[in-house]
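Protein sequence lines, in the order shown, are assigned to chains A and B. full-length UniProt numbering applies: residue 1 is where the first sequence begins, and numbers increase by one. full-length UniProt numbering applies: residue 1 is where the second sequence begins, and numbers increase by one.
Derived DSS-like pairs: lysine-lysine, alpha-carbon spacing no greater than 30 Å straight-line:
| hint | chain 1 | residue 1 | chain 2 | residue 2 |
| --- | --- | --- | --- | --- |
| 1 | B | 553 | B | 607 |
| 2 | A | 86 | B | 697 |
| 3 | A | 86 | B | 553 |
Okay, the calculated beta carbon distance ranges per label pair:
| hint | chain 1 | residue 1 | chain 2 | residue 2 | range |
| --- | --- | --- | --- | --- | --- |
| 4 | A | 28 | B | 53 | 37 to 43 Å |
| 5 | B | 262 | A | 146 | 57 to 63 Å |
| 6 | A | 58 | B | 30 | 30 to 36 Å |
| 7 | A | 39 | B | 114 | 21 to 27 Å |
Rough simulated footprint, nothing fancy, chain A against chain B, three-plus residues with beta-carbon under 8 Å:
| hint | region |
| --- | --- |
| 8 | 37–49 |
| 9 | 62–71 |
The hints are simulated quantities; they were obtained by calculation from the structure and are not laboratory data. We put the beta carbon where it would ideally sit given N, CA and C, even for glycine.
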Amino acid sequence: MALRELSSLEKCLGLKKPTKYSTQGERKVPVLQNNNGAALVGLVTIASHLVHEAKKAELLGNSAEDRAVVQQWLEYRIARVDNCPKDELKVILKELNQYLGDKVYLAGNVFTLADILMYYGIHHIVVELAIQEKERFLNITRWFDHIQHYPGVRHHLPPVVVLRNRVYPSGHH
Amino acid sequence: KLFVGEGNPHCVKVLAVLELTGVKCDVQLVNNEERVVPYLTRPVLPVLLLPSGQHLFSPNTICQYLLDVSGQKASDANNQWMEWETTDLQPAVLQALHMMALQGKRSEAVAVMEESLGHLEHNLKKRSTKFLTSDVITVADIVLWATLYPILSDSSFEAGDLRLVRGWFDGVVAQSACQSAAQKVLHGKSSEALKTFLQKLPATQTQRRDGPTSSSAAVADDTEHVMSEQEIEEAAQMWSTGLKDSHAAPQRNHPILPQEGKRNVLLTSALPYVNNVPHLGNIIGCVLSADVFARYGRLRGWNLLFVCGTDEYGTATENKAREEGLTPREICDKYYAIHASIYKWFQIDFDFFGRTTTDRQTEIAQDIFWRLHERGFLLEDTVEQLRCESCQRFLADRFVEGVCPHCRYPEARGDQCDKCGRLINAVELRNPQCKVCQETPVIRSSKHLFLDLPKLEGELEKWLDQSTGAGDWTTNARQITRSWLRDGLKPRCITRDLKWGTPVPHPDYKEKVFYVWFDAPIGYLSITANYTDQWEKWWKNPQQVELYNFMAKDNVPFHSVVFPCSLLGAQDNYTLVNNLIATEYLNYEDTKFSKSRGVGVFGDMAKDTGIPSDVWRFYLLYVRPEAQDSAFSWSDMALKNNSELLNNLGNFINRAAMFVSKFFEGRVPDMLLGDDDKRLIAVVSWELKQYIQLLDKVRIRDALKCILNISRHGNQYIQVNEPWKKIKGGDTDKQGAGTVTGVSVNVACLLSALLEPYMPAVSQTIRTQLQAPPNCTGAMMQGAGTFICTLPAGHRIGTVSPLFQKLENEQIEGFRKRFGGQQPEEESDKGEIPSMASADTKLSAGVEMNSSVNVQADPERARRLAEQVTEQGDKVRALKAQKAEKSVIGEEVAKLLELKKQLALAEGQEPSNQKAKKK
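Can you build the whole structure from these sequences, using the hints too?
In structure tokens form, the structure reads like this:
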């Protein structure tokens, strides 16, 4: 899973040479064997490394503040979204939905690595949502649809249909 | 501004880094329960409020940020340690602390920490630097140290031989920044100070997180059932008993009436409203779902009656009649025929398909009315309404227009103003006008009758408790019913000032008819009465009869609350619904079906596509909106046809039968069951039992998956055993080929039975090709379901031919255009259905994604072009409105089309003509 994600990320970043990854441990943590010695371990570490490699450091944020926000959501992704127990799902969706209420992207007004990896990580959850739930988490749905149509991001994942018209009225009856 | 909490170990690292970097920052001590970050559900600390107003709530991120602003860059190696800390160390430490501090399980805590500490020790051994990544202390050191601090500073924690970890740990503690931070937060009392903090942590954070997760749990549902030896042996024995003569073939003799000692099932599908052609959503919502269940019930040998008909009374019919210049009766006749022919094409096997505009309807509705009246369940009230004297009728809300009393908009409708959106009571309109004759209507008060629902509420609830407790009610049906009751019932008006309806028999209400919601469900009874004079044996016989209602969810309250109240109030021992099956909605591609916009496939058009009725049925049932809304998608339909029907189901049945014809001269060969064969028989038997369990609970879509699973197992079985090779081998091999072929063709025969409810024509074709005995279908569907050898050795099969055809992409693209309406074309690859993408990731991954094309999309250009398209479109419309010359209009239209093509390109779609060639 994480490996496909990384190779999609490479394409998205426009990196020419596909890199070989391996995994370690039960949780299949990705490992990048670098030419210059030490291996890199961990999804976010490798992803950030690739971004630097592609000379697109802006994807990690332009200011210290932005960098911190990006970092924070990358961490949220691996700490909270990945391996999320079922009963915790709704909590995460609710938090993200509230957070995205006044934002275009996770780091405010600029597209960053956090959007890409969060999109990859949350895709399997959004795919399962009923239309009613998609409407309930409207901000996530809007953000998600936006990211999946962002040129070059989607790659290995199937598109998720997002209805334009609201099926359910906001109140009951 | 930094918020920290007492006893919260996460705060230690932040304070340590703050002191080390010397960043100026306001630190505030708050209660751990305080929710500092507004959008997070649980209180989290530490939190750093950035000058921009953003909150940082992750301790590691805060540390990195402090470092960043103090001008230090984090290296990859640093990041890597931080990530490991987040995903591995932190969960382990929290769990271990929880065990130590709250449960006193020290040795278990040591075990939990073993892996992480071992990893750290191992890496420290490899390093050549004083600290983790360099000779000076870095953020990674502090973060790891702080996380481990509560554990390693506890002298009672016996971590075994971790010389290097201890050395490194002490090295970090030596930093004064670290010491003071730990002091501040934990008061130097180590794990004891943590207790309060840990007690309040959600369980999810203190339990090991690599247990079953959401995604793997979903997969687990699909994993195969593991067969025990005993199960396999039993299935094989059952199989060998074969078909007995005692299994009678199902037959139907009309009229079907309830019989003593049988399961008597009365099945209704919501009555489709007559004045429209039903679309695919209507069809799957009621009649098709009900048909599958009816066919299944007949196979199971239930004594079952399936009735339906068109709902014909009401304003909408009157309007339609006026539009088309016909009488309401003529309109009903016309559309009744359309409905009947559509359902016939979809092979909906009603026992009777009637209509509501019959004498029986009047008779039964009036009888129920009088009974309600006599028992005091009707109330009288006066309602003010607009009446048009020249048309001699009261005006329904949509029949009147006038000036909005709120915003003075001149064309407000009787129920709502389109300008200000406010709801209007028709009598408040200024200068009201009848929409038919433009005359000014007058206000008249008119007496109406109301069904006293509040008076019946107690009895209703008693009945509901019992019915929903014992029967199968879909979740949405239960929820909708519950919410109606929770909101409290109000009296409902049952009379209307219309002509086209069942006349109210009461002399005071001579000019009135029954409101459709009161009248229409009585249609179930009157339609049955038109089928047989002995209709009361079904409808006044709750002791013997079990009633199933099928409908879409919008119809639930009328079937679960309102109609049962009418019947309960009438006190005539009516049969009330036992099982209420409601579907969610089916959408079309990513929008709704819309007759006026020409979007979507309607019943009469399905036939014109040339796609067989069975394939339509299959796909609609495959995406049946069972627990959530689903969507019809052309590309998905093609995909499911080609992958499931053609390559899976059709391929298996065809291969099995072809082997019999080619290798064994059309006679089923001898079968000597080996382990592999028995195992397959057991797996198939298990799927058959699943199928029956699911369909008994009306889980129509899920049961269809069992069929596809069986043929998947069958294909694997053939693939592994390679009968086409073995037939050329020695005697043992030949016998093996015979057994595999014989077992496979019997599985094919079982499949034909299971397919009967879903794809009746294909099911029949299979049995004709196999020359299967007519009683085989019912025989295998008795009880819990038994897979038996129905085609014994020596049985001669008929001519074998392929069952399904491939749906080509060109064809599908054509249909998508044809039924897409006039709206601008949607992005071409949006056809995936969400609910299925995950259930079948392998398949959906095979769908063409057009991602290469998307990359070329040019949003800026697309926006400009979109503006031009709108402009040009307006121009064309204006010309048409002015009735300009044809040649002039033609020229402008051509320009518009060219612009649209460019827009499509800029949006990253291939123009339509190239699309067909490319695939």
